[in-house]
Amino acid sequence: MVNLEPLLPKDFSLLIQWTDTPMFLLQWAGPGFRFPLTREQLLEHWEGTRGEDPSRRCFKAVHPETGQMVGHIELNRINRTHRSATISRVLLDPQVQGGGLGTAMVQEVARVGFEEMNLHRIDLYDFDFNDSAIACYERVGFRMEGKLRDARRIDDRYWTVCIMGMLEQEWRERRDAISKRSTLGSGS
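Each residue of the sequence shown is one higher than the one before, starting from 1 at the first, in UniProt numbering.
Keep in mind that a hint or two might mislead.
As the list claims (entries may be wrong) - Using 20 Å as the maximum straight-line C-alpha spacing, the simulated SDA-like pairs for lysine to any residue come out as follows:
#, residue 1, residue 2
1, 147, 30
2, 147, 135
3, 147, 163
4, 10, 39
5, 147, 31
6, 147, 26
Said to hold, decoys possible - Label pairs and their calculated CB-CB ranges:
#, residue 1, residue 2, range
7, 23, 180, 39 to 45 Å
8, 144, 82, 17 to 23 Å
9, 40, 158, 26 to 32 Å
10, 157, 10, 33 to 39 Å
11, 155, 83, 25 to 31 Å
12, 13, 64, 18 to 24 Å
13, 43, 177, 39 to 45 Å
14, 10, 144, 34 to 40 Å
15, 153, 177, 39 to 45 Å
I should point out that these hints are in silico values taken from the structure, not numbers from a laboratory. All of these numbers come straight from a predicted model, not from anything done at the bench. Note that the Cβ used here is the ideal one computed from N, Cα and C, for glycine as well.
Modelling step: build the complete structure from the supplied sequences, incorporating the hints.
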């Protein structure tokens, strides 16, 4: 379990600290940032969270027991007309990877999108070699929808981007099935 709170400029230093190579920056933040990551780049990006109808919501994931920031996740490209958004810039503190916090973070941002923002569709993009992230997204209920072959260049190599998505009905069916299993498991 994690709590999502709005990312604030005071949190940028951890994101910068966790981003130690150009390849890692491209992997988690996409092609819109340049290495080395700077506070100025993050501040310019964060401005998209402001205003009455922001195009993105940036969250920090906070561990409920320690109160420490353990990750970052966004709902980006928010389109209220089409009721859609893209999960992006998913980053987990390298010191806490592998403990289920990434899955909890994605689960919670999907809940925010579908239940609080009334979205119909949420998608995300990841690289085809990132097996652990793809497995995480599948655990939450995202489905593979396609690939953009050789869509990103890093040095002299190209990376293929996978597109995954989930619809509100799929979210609700999955949520209800989990709720039913936990009710049956509690002996009620």
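Results of checking the hints against the structure:
1. Among the hinted pairs, residue 147 with residue 30 is consistent with the structure: their alpha-carbon atoms are about 16 Å apart, no more than 20 Å.
2. A C-alpha spacing of about 16 Å is found between residue 147 and residue 135, which places the hinted pair at or below 20 Å, so the restraint holds.
3. Taking the CA atoms of residue 147 and residue 163, the gap is about 6 Å. The hint holds against a cut of 20 Å.
4. Using a Cα cut-off of 20 Å, the hinted pair residue 10 and residue 39 holds, with the two alpha carbons roughly 10 Å apart.
5. About 17 Å separates the Cα atoms of residue 147 and residue 31, which keeps this hinted pair within 20 Å; it holds.
6. As the CA atoms of residue 147 and residue 26 are separated by approximately 17 Å, the hinted pair is consistent with the 20 Å bound.
7. Between residue 23 and residue 180 the beta carbon distance is about 43 Å. The supplied range of 39 to 45 Å therefore holds.
8. Between residue 144 and residue 82 the Cβ separation comes to about 21 Å, which falls inside the hinted range of 17 to 23 Å.
9. Distance hint for residue 40 and residue 158: a CB-CB separation of about 29 Å, consistent with the stated range 26 to 32 Å.
10. Look at residue 157 against residue 10: about 36 Å separates their beta carbons, and that is inside 33 to 39 Å.
11. At about 39 Å, the CB distance of residue 155 to residue 83 disagrees with the hint of 25 to 31 Å.
12. Remark: the range hint 18 to 24 Å for residue 13 to residue 64 is upheld by a beta-carbon distance near 22 Å.
13. A beta carbon spacing of about 42 Å between residue 43 and residue 177 agrees with the range 39 to 45 Å that was offered as a hint.
14. For residue 10 paired with residue 144, a C-beta distance near 37 Å keeps the hint of 34 to 40 Å intact.
15. The hint said 39 to 45 Å for the Cβ distance between residue 153 and residue 177, and at roughly 41 Å that hint holds.
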